[in-house]
Structure formats: C-alpha cells, structure tokens
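Peer 1: One-letter residues, chain by chain:
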Amino acid sequence: MSKNTLYDKVWDSHTVARLDSGQDQIFIGLHLIHEVTTPQAFGMLKEIGSGVAFPGRTIGTVDHIIPTLSQIRPYEDDQAERMMAALEQNVNEFGVRFLHLDSGKQGIVHVIGPELGLSQPGMTIACGDSHTSTHGAMGSLGFGIGTTEVGHVLATQTLALNRLKVKRIEVTGALSPGVTPKDVTLRVIHDLGIKGGLGFAYEYGGDVFDAMSMEGRMTVCNMSIEGGARIGYVNPDQTTFDYLEGREFSPEGEAWERGVAYWREIASGDDAEYDDVYEIAGESIEPMVTWGINPGHSVGISQPLPEVGSFAGEDRKTAEHGYEFMDLRPGESILGTKVDVAFLGSCTNSRISDLREGARLMKGNKVHPGVRMLVVPGSQQVKQQAEDEGLHEVFTEAGAEWREAGCSMCLGMNPDKLVGAERSISTSNRNFIGRQGSPRGRTHLGSPAVVVSSAVAGCIADPREMGEQA
Amino acid sequence: MSTKRIEKIVGKAIPMPRDDIDTDRITPARFLKSITFEGIEKALFCDERENTPDHPVDNPAHKGANMMFVGKNFGSGSSREHAPQALKRFGIDVLIGVSFAEIFAGNCFAIGVPLGVASADDVNALIRQAQEEPETHFTVDIGNSTVSYGDRVIPIDIQETRKAAFLAGTWDMLANLRGNLPQVEEVATRLPYVTNFDSEAQ
Chain F
1 MSKNTLYDKV
11 WDSHTVARLD
21 SGQDQIFIGL
31 HLIHEVTTPQ
41 AFGMLKEIGS
51 GVAFPGRTIG
61 TVDHIIPTLS
71 QIRPYEDDQA
81 ERMMAALEQN
91 VNEFGVRFLH
101 LDSGKQGIVH
111 VIGPELGLSQ
121 PGMTIACGDS
131 HTSTHGAMGS
141 LGFGIGTTEV
151 GHVLATQTLA
161 LNRLKVKRIE
171 VTGALSPGVT
181 PKDVTLRVIH
191 DLGIKGGLGF
201 AYEYGGDVFD
211 AMSMEGRMTV
221 CNMSIEGGAR
231 IGYVNPDQTT
241 FDYLEGREFS
251 PEGEAWERGV
261 AYWREIASGD
271 DAEYDDVYEI
281 AGESIEPMVT
291 WGINPGHSVG
301 ISQPLPEVGS
311 FAGEDRKTAE
321 HGYEFMDLRP
331 GESILGTKVD
341 VAFLGSCTNS
351 RISDLREGAR
361 LMKGNKVHPG
371 VRMLVVPGSQ
381 QVKQQAEDEG
391 LHEVFTEAGA
401 EWREAGCSMC
411 LGMNPDKLVG
421 AERSISTSNR
431 NFIGRQGSPR
441 GRTHLGSPAV
451 VVSSAVAGCI
461 ADPREMGEQA
Chain X
1 MSTKRIEKIV
11 GKAIPMPRDD
21 IDTDRITPAR
31 FLKSITFEGI
41 EKALFCDERE
51 NTPDHPVDNP
61 AHKGANMMFV
71 GKNFGSGSSR
81 EHAPQALKRF
91 GIDVLIGVSF
101 AEIFAGNCFA
111 IGVPLGVASA
121 DDVNALIRQA
131 QEEPETHFTV
141 DIGNSTVSYG
151 DRVIPIDIQE
161 TRKAAFLAGT
171 WDMLANLRGN
181 LPQVEEVATR
191 LPYVTNFDSE
201 AQ
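Just so you know, the sequences run in chain order F and X. The numbering used here puts the first residue of the first sequence at 1, with every later residue one more than the last. The numbering used here puts the first residue of the second sequence at 1, with every later residue one more than the last.
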C-alpha cells in the first residue's frame with residue numbers, strides 16, 4: 001500500500017467516515033457542474049427535498065452542448081436549448097454560482113477551473129465528466145463521476161469512494177525538440193495500455209514533469225482516464241505556485257503565504273512509497289499519433305504501424321477491428337494518411353499555450369484545400385488572450401475557422417461533428433468509434449503541432465519537418 | 001429513497017464478447033441531450049446495432065435477457081451514467097465480465113446494478129453458452145458469488161463492500177452520506193482552503 005504520497009495525504013485529510021459499505025466518505029472541496037450531467041441530479045434533490053449542502057463550493061458553466069459558431073438564444077437545437085434552460089433554472093433555484101456566456105469567464109470546466117484559480121493543490125475536485133483528472137495538474141485529486149454521484153455531492157458535498165493504489169510514472173531526462181506533453185501522455189497510454197491504470201491513481205514525476213509548464217501538466221493529467229486511471233496528478237511545486245498567484249480565486253497576501261506553506265506540505269514526501277513505479281526515458285518519446293479505435297492504439301509518427309501479432313489475446317481482435325474501421329494496414333506508415341478535418345481544441349489542448357504553439361507553426365502556411373480546420377479556444381478568457389496576441393488572425397489567414405469557446409468537435413453533442421466517414425486529426429482525447437459525432441467518422445489523436453502540420457499537408461505529417469518546408 | 005435487496009438474478013443472457021467497449025458505444029453522445037433518463041434504453045448500442053445486422057442486443061434469441069456477459073475493461077471512457085442507465089432500463093440487472101472501468105463500476109453500484117468479475121476463460125465459457133444455447137437460464141447468486149447454469153458453477157468476484165450493500169439493500173448511498181452531515185461540517189472546518197486560507201474566518 002502506498003504511503004505518504006500526495007494521494008494518501010489528501011485522502012486522509014478529506015475522510016469524513018468509513019461507511020458500512022467499506023468505502024470511505026470523502027469531502028469534496030470543489031464541485032464543478034455543467035449542463036449535461038446535472039439535470040437528473042437536481043431532480044433527485046427536489047425529490048428528497050434537499051438543498052445544496054455547500055453552495056459556495058459548487059460552480060457551474062456550460063460547455064458540452066454549446067454551439068461554437070453562433071451562441072444566440074434560443075439555440076437551433078431544441079434539446080440543447082432545453083438543457084441550457086434547465087441548468088439556468090437549477091442554478092438559480094439552488095443558489096449556485098454560474099459562469100454564464102455573458103460573464104466573460106465561460107469555458108470548458110477543465111479549462112476554467114485552473115484558469116480562475118478555483119482548482120488548487122491539496123483539494124478534492126469532482127465533476128460529472130471523466131476528464132476531471134485534468135485538475136490533478138494542480139496537485140489536487142480530480143474525480144470524474146456519474147449523475148447519481150453528482151446528486152450525492154450536491155446534497156452532502158461528499159462521495160462514497162474506494163481508495164486507489166498509487167503508481168508513480170517517472171519520465172526521466174528531457175524531451176527532444178518537437179515533442180510535447182500530448183506525446184508524453186499518448187506514450188504512457190501506449191506503454192501501460194488503456195487498462196493499465198484500472199484501480200490506480202497515477203502520480204507523474206521526474207525531470208520531464210519538473211520542467212513541464214502547468215498547461216502541459218494539464219494535458220497529461222487530462223488523459224489519465226484514457227489509460228484507465230481515474231486520477232492523475234503532479235506534485236505542486238514553484239511552477240504551480242507561479243501559475244496560481246494572482247488568479248481570481250487564489251488567496252492573497254498573508255493568506256497566499258499560508259496557502260503556499262500548506263501546498264508544500266501536501267506534496268508527496270521524500271519517503272513516499274508507491275504500489276508500483278514505471279519509468280520512461282524522455283529522449284525515447286517522439287511525436288505520437290493514434291491509428292486505431294482507442295487511445296492506446298498509437299505509434300511514434302515515424303514508425304511503421306504495429307503488426308496485429310504484437311497484440312495478445314482479445315487485444316488482437318480489438319486491433320484488427322481498429323485497422324478495419326480506420327482502413328489502415330499494419331507495417332505501413334501513418335505519414336501521408338489523408339485527412340478531411342483538423343480540430344485544435346478540447347479540454348486536452350485548447351489552452352493559450354496550445355494555441356500559441358499551433359499559431360507558431362501555422363504562420364506563413366495555408367490549410368490544405370481538402371481540409372476543414374476548426375480552432376476552438378477552451379474558454380472565453382483563452383479566446384480573448386489569443387485575440388489580444390493576434391493568434392486568431394494567423395489561423396483565419398491560413399484558412400482555418402476561429403470559433404467561440406466550448407467542447408466543440410471532441411464529442412458530437414453540438415453542431416461541430418464529422419460527417420459520414422470523414423477522417424480527422426484531432427487534439428482531443430478519444431478516438432472511439434462514433435466519438436466525433438458520426439458513427440462512421442474516423443479520428444486520429446495528436447498534439448497541436450501534429451494537427452497543424454497535418455492540416456497544412458492535407459495528410460498526417462511530422463511537425464518536425466515543417467520548418468524545412470516553410 | 002427506496003432501495004431493495006439484490007440477492008439472486010435468474011434469466012437469459014446477452015453475450016457481448018469484445019474488449020474495451022466504451023461508453024460512447026453503449027450510449028452515443030447525441031442521446032445525452034435529454035434532461036431525464038426516460039427512454040435512454042433506446043440509445044443502447046444504437047449506432048453499432050444499426051451497422052451490425054446480427055447484433056446480440058437485437059438477436060430475437062436473446063429477447064427478454066436480464067444479464068449481459070462482457071469482456072475486459074467494459075464501460076471505459078466517458079463518465080456518462082447514461083450508459084448504465086440505458087442497460088438497466090433495457091432490462092439488464094447484472095453484468096458479468098473480465099474487468100470493468102472504474103467510473104462505470106461506480107455508476108453501476110450507485111444505481112443498483114451488480115457487476116461480477118470472472119476469469120477470461122470462465123467469461124468465454126459463459127459467452128459461448130449464451131451464444132450456442134441462448135435459451136439457457138443463468139443464476140447469479142450475489143451472496144455466494146457464483147453464476148451457474150445446468151450443473152456448472154462459476155465463481156465470480158463481487159467487491160466485498162458492494163456485495164454487502166446489495167444483500168442488505170443499502171446500496172443507495174445517499175442516506176448513508178446524509179447521515180454524516182455533522183462530520184462533513186467538521187472536516188470542512190479543518191481544511192484551510194475552505195476559507196481560502198483566511199485564518200480568522202476559521
């Protein structure tokens with residue numbers, strides 16, 4: 001059993017009771033809510049005549065269903081309009097703070113939590129969305145939950161949870177030029193598999209994470225769930241504190257000093273013990289792209305696609321299905337695979353650093369005429385910042401569409417969808433069949449750099465070779 | 001809220017042999033835009049059913065089944081409770097598989113759907129039985145942690161804590177959690193971030 005890790009310390013300090021079920025009742029420090037997974041939960045509160053136990057610790061926004069083209073109400077999609085209206089009514093009725101479209105602070109929950117300083121080290125954070133693992137980048141524990149559990153948090157500010165084991169993922173050395181945090185997370189999932197994290201929390205550490213920006217850490221923690229780990233986190237350090245200082249909900253003055261002292265204490269100790277450790281040499285990671293139907297189906301961009309025989313048991317059938325669905329063949333190169341759509345956005349890669357990286361590579365280039373490219377900032381604040389820096393002009397001049405903040409083409413709940421058997425290169429987090437809104441649509445996941453290089457080339461292309469072409 | 005004891009489930013089974021069936025496949029995202037779970041069973045595997053003429057869910061031989069046999073890592077991906085809700089409302093009262101994704105398992109427990117874990121060999125035997133003799137009635141015995149048919153008895157693993165809750169009819173955790181609200185207040189008072197590190201407010 002792990003000892004003296006951040007996970008253990010936060011778990012212990014948040015334990016309310018041991019339940020008869022054997023689970024621990026855990027206090028939730030921050031509850032983020034959105035339109036999709038809450039209406040039934042508020043309905044449950046009404047049914048039992050309960051209010052929200054700690055309304056000040058819940059904050060709402062809208063992200064999944066929101067159109068990114070025109071946000072004028074009522075929405076064209078009746079169902080989206082009804083969902084939005086239900087959320088508005090519920091937050092009013094239950095006295096929950098809501099970051100609406102006119103607040104200037106709306107955005108994807110996993111972008112705005114850190115951006116506003118709401119997500120802080122040492123907290124437990126819950127949200128009815130599996131990518132709540134993102135907030136682990138702040139040194140917190142982020143739990144993705146279902147709707148009944150959202151009701152539990154609203155009514156009691158707690159969850160009934162099973163304690164996880166802790167696996168330390170140590171990435172040593174340094175990343176090579178052109179390799180990004182997205183490539184690190186895809187490599188972790190490639191190595192450990194999409195089931196490798198079942199029952200574990202991942203603690204990411206080592207030289208590469210010490211040197212990584214906060215936004216990069218968010219990208220990696222975001223995809224922990226794609227490796228089966230409900231939770232991923234990075235211990236808080238000076239990078240974390242520098243990021244948090246001065247944000248809207250961060251403590252100030254003496255309170256800030258007390259906060260930093262507490263956050264230093266909550267980090268894993270030098271004597272921490274782990275249930276398992278996995279090590280990757282940073283230098284061995286190259287830009288990664290997925291070829292199949294789950295995030296573990298990935299390959300170094302210059303490597304041949306893996307032989308089906310390299311997969312064992314049932315994984316072989318999934319790989320065969322993946323090749324068939326994606327219309328690709330083992331042994332071939334992924335480079336040169338034609339794409340119809342390029343998507344830069346989602347809670348994985350829609351922050352200002354992602355847009356800067358995309359714009360840096362896009363500058364002076366054009367989106368290939370056969371490609372439709374969407375660039376979708378993760379929040380209204382990210383959008384504003386990008387526009388202040390002129391990034392939007394780089395994208396629009398190249399022929400890409402510059403949109404309003406939202407989840408957009410990550411998941412097919414809003415008008416941004418693949419059509420028919422379109423093939424996309426996407427900075428999002430899931431290449432599941434049907435994920436991007438078309439049952440036959442095909443998704444390749446990659447970093448913002450890979451998405452831009454591929455959008456320009458019209459086919460999957462290595463971003464490290466872009467400079468030479470330009 | 002009312003909850004019930006769950007001790008034994010008897011019935012036919014739908015075999016779903018593949019691994020890594022994610023919740024986007026169980027309930028595609030466009031069906032998440034409803035503000036109730038009513039009718040969500042219509043979304044169950046709907047995209048793959050449309051593209052697969054002999055899909056096990058539509059196979060008339062499995063009509064009326066109340067359990068499902070699945071592979072590894074069933075329910076991976078999105079945390080949407082719509083997936084277990086669709087299964088439950090379709091009539092699936094228990095799932096037996098090689099492994100289940102963490103959030104999906106939590107959601108199933110929360111709505112009173114037991115999950116049994118068995119070895120890959122045993123699950124394959126169950127899947128084959130349901131495929132070859134779909135009229136077979138299986139018995140899932142929660143207390144004894146077994147699934148049986150004919151004279152064959154297969155051990156399954158049901159997380160001890162959840163098993164006890166199913167047997168006692170206390171799997172709806174809300175009442176338990178609410179019972180501890182005074183202790184919740186105490187923990188909140190101890191955590192310095194609850195006042196944003198304003199020591200005087202504590």
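The set of hints was computed from the structure by calculation and includes no laboratory data. Be a bit skeptical, because a hint or two may be false.
To be verified - Using 20 Å as the maximum straight-line C-alpha spacing, the simulated DMTMM-like pairs for lysine to aspartate or glutamate come out as follows:
{"id": "1", "chain 1": "F", "residue 1": "K165", "chain 2": "F", "residue 2": "D12"}
{"id": "2", "chain 1": "F", "residue 1": "K317", "chain 2": "X", "residue 2": "D93"}
{"id": "3", "chain 1": "X", "residue 1": "K33", "chain 2": "F", "residue 2": "D78"}
{"id": "4", "chain 1": "X", "residue 1": "K163", "chain 2": "F", "residue 2": "D24"}
{"id": "5", "chain 1": "F", "residue 1": "K195", "chain 2": "F", "residue 2": "D276"}
Claimed, not checked - Not the full set, but computed from the structure, chain X residues with beta-carbon under 8 Å of chain F:
{"id": "6", "residue": "F90"}
{"id": "7", "residue": "Q129"}
{"id": "8", "residue": "N144"}
{"id": "9", "residue": "I154"}
{"id": "10", "residue": "D157"}
Where is the CB? At the ideal position from N, CA and C, for every residue including glycine.
Peer 1: If a hint holds in the structure, say so; if it doesn't, say that too.
Peer 2: Results for each hint:
Distance check on the hinted pair: K165/F and D12/F sit about 14 Å apart at the alpha-carbon level, within 20 Å; holds. Distance hint between K317/F and D93/X is unfulfilled; the C-alpha atoms sit about 28 Å from each other, more than 20 Å. Note on K33/X and D78/F: the hinted pairing holds, with a Cα-Cα distance of about 10 Å set against a maximum of 20 Å. Distance restraint check for K163/X and D24/F: the Cα-Cα separation of roughly 16 Å lies within the 20 Å cut-off, and the hinted pair is therefore satisfied.
For a cut-off of 20 Å, the pair hint linking K195/F to D276/F stands: about 15 Å separates their Cα positions. A cut of 8 Å between beta carbons decides the hint on F90/X: the least distance to chain F is about 17 Å, and the hint is violated. Contact between Q129/X and chain F, as hinted, is not supported at the beta carbon level, the nearest pair being about 18 Å apart and thus beyond 8 Å. Interface restraint check: N144/X against chain F, minimum CB-CB distance 19 Å, threshold 8 Å, status violated.
The criterion of a C-beta within 8 Å of any C-beta in chain F is not met by I154/X, whose closest approach is roughly 18 Å, and the hint is violated. At a threshold of 8 Å, the smallest CB-CB gap from D157/X to chain F is about 13 Å, leaving the interface hint violated.
Comparing the model with each numbered hint stated earlier shows that hints 2, 6, 7, 8, 9 and 10 do not hold.
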